[in-house]
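**Q** The residues making up each chain are set out below.
There are 2 protein chains.
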Amino acid sequence: MLKIGEKMKILDLSRPITDGMYHFSGDPVPQVKIFSTIEEKGWALTEFTLGSHSGTHVDAPCHKVKGASTIDEVPLEKFFGETIVLDLSYKKPDESITAKDLEKAANDRIRPSDIVLILTGMASHWGKEEYLTKYPYLTEDAAKWLVNSKVKLVGIDWLTVEKFGSKEGLAHLALLENGIPIVENLVNLEKIKDERVLFACFPLRLAGVDGAPTRAVAIKTKKR
Amino acid sequence: MLKIGEKMKILDLSRPITDGMYHFSGDPVPQVKIFSTIEEKGWALTEFTLGSHSGTHVDAPCHKVKGASTIDEVPLEKFFGETIVLDLSYKKPDESITAKDLEKAANDRIRPSDIVLILTGMASHWGKEEYLTKYPYLTEDAAKWLVNSKVKLVGIDWLTVEKFGSKEGLAHLALLENGIPIVENLVNLEKIKDERVLFACFPLRLAGVDGAPTRAVAIKTKKR
Numbered sequence: 001m002l003k004i005g006e007k008m009k010i011l012d013l014s015r016p017i018t019d020g021m022y023h024f025s026g027d028p029v030p031q032v033k034i035f036s037t038i039e040e041k042g043w044a045l046t047e048f049t050l051g052s053h054s055g056t057h058v059d060a061p062c063h064k065v066k067g068a069s070t071i072d073e074v075p076l077e078k079f080f081g082e083t084i085v086l087d088l089s090y091k092k093p094d095e096s097i098t099a100k101d102l103e104k105a106a107n108d109r110i111r112p113s114d115i116v117l118i119l120t121g122m123a124s125h126w127g128k129e130e131y132l133t134k135y136p137y138l139t140e141d142a143a144k145w146l147v148n149s150k151v152k153l154v155g156i157d158w159l160t161v162e163k164f165g166s167k168e169g170l171a172h173l174a175l176l177e178n179g180i181p182i183v184e185n186l187v188n189l190e191k192i193k194d195e196r197v198l199f200a201c202f203p204l205r206l207a208g209v210d211g212a213p214t215r216a217v218a219i220k221t222k223k224r
Numbered sequence: 001m002l003k004i005g006e007k008m009k010i011l012d013l014s015r016p017i018t019d020g021m022y023h024f025s026g027d028p029v030p031q032v033k034i035f036s037t038i039e040e041k042g043w044a045l046t047e048f049t050l051g052s053h054s055g056t057h058v059d060a061p062c063h064k065v066k067g068a069s070t071i072d073e074v075p076l077e078k079f080f081g082e083t084i085v086l087d088l089s090y091k092k093p094d095e096s097i098t099a100k101d102l103e104k105a106a107n108d109r110i111r112p113s114d115i116v117l118i119l120t121g122m123a124s125h126w127g128k129e130e131y132l133t134k135y136p137y138l139t140e141d142a143a144k145w146l147v148n149s150k151v152k153l154v155g156i157d158w159l160t161v162e163k164f165g166s167k168e169g170l171a172h173l174a175l176l177e178n179g180i181p182i183v184e185n186l187v188n189l190e191k192i193k194d195e196r197v198l199f200a201c202f203p204l205r206l207a208g209v210d211g212a213p214t215r216a217v218a219i220k221t222k223k224r
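Same order as they appear, the protein sequences are chains A and B. Each step along the first sequence adds one to the number in the numbering used here, with nothing skipped, and position 199 is 199. Each step along the second sequence adds one to the number in the numbering used here, with nothing skipped, and position 51 is 51.
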């Protein structure tokens, strides 16, 4: 159990949201525009348009499973808790991550109801066109291994956990059918890979929607 | 100090985000639209447009103070911590909340670096046109009293802490000039009014922007 007090440090695991930011072709184009300024109206206001899966975001079960929970129906307890990082950063672009790979990386550290974050190291390739189709991804058996490990949430430091172009979405299906939301497009996972930390990624309360952007963070408590 | 473990309950303090939701006239109109469906493309996706101050959101200092911090520059530690609610729900619409009112409601419970949430009871009037201009609001001296109490974040259960139509925005100025962000449009504060809880409201990481929507929550830890 972790203890929370004034002595804490919070690390940002979220991607900055900017106008026209990097996204899959065919997805909504992120837009961020000035709406009013202090000079004009006394108050600065901005208008922005995003997809439900733009930037750092959480997939709700109904993203892939018809009739399953929407993002506002997922219990909030899923989005906050003790977390470990599995280091798969040795994987090459377009290489699969299997159940065996995860088991080795986990090395018996996963406890029931943990949040498990997959470090692929891809966050450092952000913005490079060639990686939009090639990146390490979870196989169906890897996703099922996570389900069997009784984790409550899975995260990754790339736009998706799924192999590029998959319509079946078998990794998503395995997790989402079992009520495990997926947080995608995290950053800075390498900074927490050697310790058990508190993680939070409460998504926007978009009513009836298939996912939502979030501000994901790691909370490190200092020794007193 | 609060302890976090598996035994916790998280309460939603955020307003559901819906197409065309209630907002100040002249502000951006919230929009939520289906972008693709599982039937069509194998994946459900949604596109949404919001103002930086739509729904439950955090005001960054630069919302009112030219050149001050943007929402992504505010230290994350401001958005997470121990919280108390000040009950001002006896106030009438259009009545001011003064420093004296806050002092009485606080009854010496505020500790330095606390998050303080103001319960006006207005959340139950959501959607009623007549309250868009009439609601209890903080006076400048009330805001200064909060600054002097060394709170790190202030919240309220209405669209704004400011008197309607104020261009000067003196309550905002007092808080934001002192680096105290403001979380507005909270709900369910009456459910946590009698206890010290953990509160989180990490706003979206909108780069260079004057504020951002957030999923605000209260975390209640159970006795073991």
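Think of the hints as simulated: they come from the structure by calculation, not from any bench. Mixed in with the good hints, there may be bad ones.
No copy labels: a pair is met if it fits in one copy or bridges any two.
[Unchecked claim] 35 Å max Cα-Cα, derived DSBU-like pairs, lysine-lysine:
1) 41 with 220
2) 144 with 33
3) 104 with 78
4) 152 with 66
5) 7 with 134
6) 128 with 41
7) 167 with 7
8) 7 with 92
9) 191 with 144
10) 33 with 100
11) 41 with 167
12) 7 with 41
13) 144 with 167
14) 7 with 128
15) 41 with 66
16) 167 with 220
17) 191 with 128
18) 150 with 41
19) 91 with 33
20) 7 with 100
21) 104 with 33
22) 144 with 220
23) 33 with 128
24) 100 with 41
25) 167 with 66
26) 41 with 144
27) 91 with 41
Model, not experiment: these values are computed from the prediction.
**Q** Now, for every hint given, state plainly whether the structure supports it.
**A** Hints, verified against the model:
Proximity of residue 41 and residue 220 under a CA criterion of 35 Å is satisfied in neither setting, with 40 Å inside one chain copy and 40 Å between copies. Within a single copy, residue 144 and residue 33 get their C-alpha atoms only as close as 42 Å, which misses the 35 Å cut-off; across copies the closest is 32 Å, which meets it. Proximity of residue 104 and residue 78 under a CA criterion of 35 Å is satisfied intra-copy only: 25 Å inside one chain copy versus 38 Å between copies. In the homo-oligomer, the alpha carbons of residue 152 and residue 66 lie at most 35 Å apart inside one protomer (21 Å), although the nearest pairing across protomers, at 43 Å, exceeds that limit.
Within a single copy, residue 7 and residue 134 get their C-alpha atoms no closer than 41 Å, and across copies no closer than 40 Å, so neither meets the 35 Å cut-off. Taking the closest pair of Cα atoms, residue 128 and residue 41 come within 35 Å of each other only across two copies (25 Å); inside a single copy the shortest separation is 39 Å, beyond that limit. For the identical chains of this complex, residue 167 and residue 7 are neighbours neither inside a copy (46 Å) nor across copies (38 Å), given an alpha-carbon limit of 35 Å. Taking the closest pair of Cα atoms, residue 7 and residue 92 never come within 35 Å of each other, the shortest separation being 39 Å inside a single copy and 39 Å across copies.
For a Cα distance limit of 35 Å, the shortest separation of residue 191 from residue 144 inside one copy, 27 Å, qualifies, whereas the shortest one across copies, 38 Å, does not. In this assembly of identical chains, the alpha carbons of residue 33 and residue 100 never lie at most 35 Å apart, being 46 Å within a copy and 40 Å across copies at closest. For the homomeric pair residue 41 and residue 167, the shortest alpha-carbon distance between copies (8 Å) is at most 35 Å, but the shortest distance inside one copy (48 Å) is not. In this homomeric assembly, residue 7 and residue 41 never come within 35 Å of each other (Cα to Cα): the closest approach is 40 Å inside a single copy and 47 Å across copies.
Taking the shortest Cα distances, residue 144 and residue 167 sit within 35 Å of each other inside one copy (18 Å), while across copies they are farther apart (56 Å). Proximity of residue 7 to residue 128 under the C-alpha cut-off of 35 Å is found in neither arrangement, the shortest distances being 38 Å within a copy and 42 Å between copies. Taking the shortest alpha-carbon separations for residue 41 and residue 66, only the inter-copy value of 12 Å comes in at or below 35 Å, while the best intra-copy value is 45 Å. In the homo-oligomer, the alpha carbons of residue 167 and residue 220 never lie at most 35 Å apart, since the shortest distance is 38 Å inside one protomer and 40 Å across protomers.
Proximity of residue 191 and residue 128 under a CA criterion of 35 Å is satisfied intra-copy only: 22 Å inside one chain copy versus 47 Å between copies. In this assembly of identical chains, residue 150 and residue 41 lie within 35 Å of each other by CA distance solely across copies; the values are 30 Å between and 52 Å within a copy. In this assembly of identical chains, residue 91 and residue 33 lie within 35 Å of each other by CA distance neither inside one copy nor across copies; the values are 38 Å within and 37 Å between. In the homo-oligomer, the alpha carbons of residue 7 and residue 100 lie at most 35 Å apart only across protomers (31 Å), although the nearest pairing inside one protomer, at 38 Å, exceeds that limit.
Taking the shortest alpha-carbon separations for residue 104 and residue 33, neither the intra-copy value of 46 Å nor the inter-copy value of 42 Å comes in at or below 35 Å. When the C-alpha separation of residue 144 and residue 220 is checked against a cutoff of 35 Å, the pair qualifies both within a copy, at 30 Å, and between copies, at 31 Å. In this assembly of identical chains, the alpha carbons of residue 33 and residue 128 lie at most 35 Å apart whether taken from the same copy (24 Å) or from different copies (29 Å). When the C-alpha separation of residue 100 and residue 41 is checked against a cutoff of 35 Å, the pair qualifies only between copies, where the shortest distance is 31 Å, while the shortest distance within a copy is 59 Å.
Proximity of residue 167 to residue 66 under the C-alpha cut-off of 35 Å is restricted to the intra-copy arrangement: shortest distance 14 Å within a copy versus 48 Å between copies. Taking identical chains as interchangeable, the C-alpha atoms of residue 41 and residue 144 lie at most 35 Å apart only when they sit on different chains, with a minimum of 24 Å there against 54 Å within one chain. Proximity of residue 91 and residue 41 under a CA criterion of 35 Å is satisfied inter-copy only: 29 Å between copies versus 52 Å inside one chain copy.
The structure does not agree with the numbered hints 1, 5, 7, 8, 10, 12, 14, 16, 19, 21 stated previously, though it agrees with the rest.
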